[in-house]
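Chain order of the listed sequences is A and B. The first sequence runs 1 to 364 under UniProt numbering. The second sequence runs 1 to 364 under UniProt numbering.
Treat the hints as calculated values from the structure; they're not laboratory data. Please note that the accuracy of each hint is not assured.
Which copy? The list can't say, so a pair holds if one copy fits it or any two copies do.
Capping the alpha-carbon separation at 27 angstroms, the derived lysine-lysine pairs in BS3-like fashion look like this [unchecked claim]:
#	residue 1	residue 2
1	K133	K306
2	K49	K15
3	K15	K346
4	K12	K49
5	K57	K346
6	K230	K111
7	K230	K116
8	K57	K358
9	K12	K303
10	K227	K111
11	K361	K123
12	K111	K57
13	K162	K190
14	K191	K306
15	K191	K110
16	K301	K15
Number of protein chains: 2
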Amino acid sequence: MAEKNSLLEVYKQTKGQLVGHGPRNIQILQDAFLNVDSGLESDMYGTGKVIENFQAKMAQYLGKEDAVFFPSGTMAQQIALRVWCDDRELQSVAYHPLSHLEIHEEDGLKKLHHIKTILLADKNRVIELDDVKSLQEDIACLLLELPQREIGGQLPTFETLKAISEYCRERGIKLHLDGARLYEILPYYKKTAIEVCELFDSVYVSFYKGIGGIAGAILAGEHSFVKNSKIWKRRYGGDLISLYPYIISANYYFDDRVNKMERYYEDAKELASYYNKCYGITTVPDIPMSNMFHVYLNFPKEKVEKVLINIYEATNIGLTGRINELDEQSCYFEVSIGDQYSTINKTEIDTVFSLLNKQLKEII
Amino acid sequence: MAEKNSLLEVYKQTKGQLVGHGPRNIQILQDAFLNVDSGLESDMYGTGKVIENFQAKMAQYLGKEDAVFFPSGTMAQQIALRVWCDDRELQSVAYHPLSHLEIHEEDGLKKLHHIKTILLADKNRVIELDDVKSLQEDIACLLLELPQREIGGQLPTFETLKAISEYCRERGIKLHLDGARLYEILPYYKKTAIEVCELFDSVYVSFYKGIGGIAGAILAGEHSFVKNSKIWKRRYGGDLISLYPYIISANYYFDDRVNKMERYYEDAKELASYYNKCYGITTVPDIPMSNMFHVYLNFPKEKVEKVLINIYEATNIGLTGRINELDEQSCYFEVSIGDQYSTINKTEIDTVFSLLNKQLKEII
Numbered sequence: 001m002a003e004k005n006s007l008l009e010v011y012k013q014t015k016g017q018l019v020g021h022g023p024r025n026i027q028i029l030q031d032a033f034l035n036v037d038s039g040l041e042s043d044m045y046g047t048g049k050v051i052e053n054f055q056a057k058m059a060q061y062l063g064k065e066d067a068v069f070f071p072s073g074t075m076a077q078q079i080a081l082r083v084w085c086d087d088r089e090l091q092s093v094a095y096h097p098l099s100h101l102e103i104h105e106e107d108g109l110k111k112l113h114h115i116k117t118i119l120l121a122d123k124n125r126v127i128e129l130d131d132v133k134s135l136q137e138d139i140a141c142l143l144l145e146l147p148q149r150e151i152g153g154q155l156p157t158f159e160t161l162k163a164i165s166e167y168c169r170e171r172g173i174k175l176h177l178d179g180a181r182l183y184e185i186l187p188y189y190k191k192t193a194i195e196v197c198e199l200f201d202s203v204y205v206s207f208y209k210g211i212g213g214i215a216g217a218i219l220a221g222e223h224s225f226v227k228n229s230k231i232w233k234r235r236y237g238g239d240l241i242s243l244y245p246y247i248i249s250a251n252y253y254f255d256d257r258v259n260k261m262e263r264y265y266e267d268a269k270e271l272a273s274y275y276n277k278c279y280g281i282t283t284v285p286d287i288p289m290s291n292m293f294h295v296y297l298n299f300p301k302e303k304v305e306k307v308l309i310n311i312y313e314a315t316n317i318g319l320t321g322r323i324n325e326l327d328e329q330s331c332y333f334e335v336s337i338g339d340q341y342s343t344i345n346k347t348e349i350d351t352v353f354s355l356l357n358k359q360l361k362e363i364i
Numbered sequence: 001m002a003e004k005n006s007l008l009e010v011y012k013q014t015k016g017q018l019v020g021h022g023p024r025n026i027q028i029l030q031d032a033f034l035n036v037d038s039g040l041e042s043d044m045y046g047t048g049k050v051i052e053n054f055q056a057k058m059a060q061y062l063g064k065e066d067a068v069f070f071p072s073g074t075m076a077q078q079i080a081l082r083v084w085c086d087d088r089e090l091q092s093v094a095y096h097p098l099s100h101l102e103i104h105e106e107d108g109l110k111k112l113h114h115i116k117t118i119l120l121a122d123k124n125r126v127i128e129l130d131d132v133k134s135l136q137e138d139i140a141c142l143l144l145e146l147p148q149r150e151i152g153g154q155l156p157t158f159e160t161l162k163a164i165s166e167y168c169r170e171r172g173i174k175l176h177l178d179g180a181r182l183y184e185i186l187p188y189y190k191k192t193a194i195e196v197c198e199l200f201d202s203v204y205v206s207f208y209k210g211i212g213g214i215a216g217a218i219l220a221g222e223h224s225f226v227k228n229s230k231i232w233k234r235r236y237g238g239d240l241i242s243l244y245p246y247i248i249s250a251n252y253y254f255d256d257r258v259n260k261m262e263r264y265y266e267d268a269k270e271l272a273s274y275y276n277k278c279y280g281i282t283t284v285p286d287i288p289m290s291n292m293f294h295v296y297l298n299f300p301k302e303k304v305e306k307v308l309i310n311i312y313e314a315t316n317i318g319l320t321g322r323i324n325e326l327d328e329q330s331c332y333f334e335v336s337i338g339d340q341y342s343t344i345n346k347t348e349i350d351t352v353f354s355l356l357n358k359q360l361k362e363i364i
């Protein structure tokens, strides 16, 4: 019963939430399959119209020769790096210290491939051209994550991207894009996916962040790269007899949401400005560069949780379900804007933040 | 248009088929989700009721302490072998020359884990106790596939299994069960899953062979084994945010079909006897040991295909969609009995086989 009044439980019971697309429940799948012809054949071990058509569609969207659907980005990206290492006959790559590969994959890249990983830049900022230039040794591949999720979704300038791309090409270093949130950054750069991806040799995109699908990923690049990736996909056990539950839902929510990223981005900037007006709160980045940002609070986690629970119960609006402790005096949480933000009217949001500001001041 | 009249295309157009559960189409998923509450929450990275309840149910069914759901058997089994190798600090395992790991996984086990694999027994027969005793060096784990799919689903005697299990336990060799078709062999052994599995340290079972689900696997064993397997599952990128599309369908078709294996087995024996009465045909095994067997024909593949197409068109009943060439004078195909066999009445089957026998004789 202690769980019942936790922040997450109270958050889930709120009528409206300022973040996300809504609950991750079975309806996500049921909606995606509602109007699909029951007679449509399953994909079979990477073949069949369902998978081939979607791969072709995503290759075109990303401006790449070819693409392959993966059950997960973890699998797709490790394989991308392995293929580039084999291609260069050099078992060494570089990425940000807070890359998904470094902190969320139980060292899969190292344990499965024995690839050396060089961490570029400080934890708290994005990789710049000078970081790449400072490399003391040759690498097969540089991975850039756009936006850098663990620091609130920060981005380098597009000029920096172009300069890094040019620098890598001159030196034969392959450039891979961790584009888990690629669609989400296009409004900030004012570029198409093709314009961003043409700076990279290979690209991974996800279907359950901004797109809000169930799971799954696309890895795209030249034919030979994709062909090799498919062999590794089988080695990993990722070449399932049927991947259509993820593919059909990915396609459905891609079509539904890929053109809503501008709105999510504008909503994120508005929401961040609400937070930044509150006592003891700052967002990172100050002005969001995508649909996401982090909220830092100069108060102990337990006190913030109590305040938020009060506010959720008073307003029936939820801000976040989880808070991470930084130290005894501060904490933070992540915000990702989806369909839900725009369903809440501004008067209600004003009320929420006026209450939040008031109650935070009373913490002292 | 050449494809249109291929064996597979004509087979797919037949009204009834003697093998399988029916077409692998989207309806498999739609049926499984029809009566699931839309509000049911997704599993999240291996946690949540959907995945935890199913894992507990399968652990109980298999008589093991713990179980973990995997997107694929390829991933589950490589990981099982790796965990046992690490446990024994010995990078060496043994299995049958036609094991799935040896012939269908692009050498994933070797490429990802550098584990030495020793092939036991001849290709054309199952592993016997003497094969295990003949090992010239220590191994961490022995994998037994029951039934041995690539040789028509042959099985060792239960006495042999017990003797191998005892031999391995005495020597500290872990025994792993490739039980992709475990349910299907229980009628032959007249044993429960628990009685078979207690001879093994770890067990993998599948949900899209006899069970007829969409995809997915369970790996079961002691707590510590499963705990380590989960870490590797994350390393492989198999720890998807949501596996429920496979889990809910696996559960649905498990409940629907796990108790129909006796019927499939009896049907397989009946169908094999039909084939064995035909001119130039033998089945392997002669009398099936599960719901599956292989059909060998002493005729060129092209001629057999023509005969089968004639029969499918004449009777509207399909026998197989694919034939594999052995050499210029012979070919074979695989039979797996499912729900469809018992929907065809015996008079029709008599007609099919009387036609088949007649037309094969005319080939000469």
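Against the structure, the hints come out as follows:
1. K133 - K306: Close neither inside one copy (47 angstroms) nor across copies (66 angstroms); limit 27 angstroms.
2. K49 - K15: Between copies, since 23 angstroms is at most 27 angstroms while 40 angstroms is not.
3. K15 - K346: within (15 angstroms within a copy, 60 angstroms between copies)
4. K12 - K49: between (38 angstroms within a copy, 16 angstroms between copies)
5. K57 - K346: neither (38 angstroms within a copy, 48 angstroms between copies)
6. K230 - K111: For K230 and K111, both the intra-copy (20 angstroms) and inter-copy (14 angstroms) Cα distances are at most 27 angstroms.
7. K230 - K116: both (23 angstroms within a copy, 24 angstroms between copies)
8. K57 - K358: neither (50 angstroms within a copy, 50 angstroms between copies)
9. K12 - K303: Classified as within: same-chain Cα gap 19 angstroms, cross-chain 64 angstroms, threshold 27 angstroms.
10. K227 - K111: So K227 and K111 pass the 27 angstroms test inside a copy (23 angstroms) and across (17 angstroms) alike.
11. K361 - K123: neither (31 angstroms within a copy, 76 angstroms between copies)
12. K111 - K57: Neither: 34 angstroms inside a copy, 31 angstroms across copies.
13. K162 - K190: Cα proximity of K162 and K190: one copy only (14 angstroms, versus 67 angstroms across).
14. K191 - K306: neither (42 angstroms within a copy, 56 angstroms between copies)
15. K191 - K110: neither (34 angstroms within a copy, 43 angstroms between copies)
16. K301 - K15: within (24 angstroms within a copy, 65 angstroms between copies)
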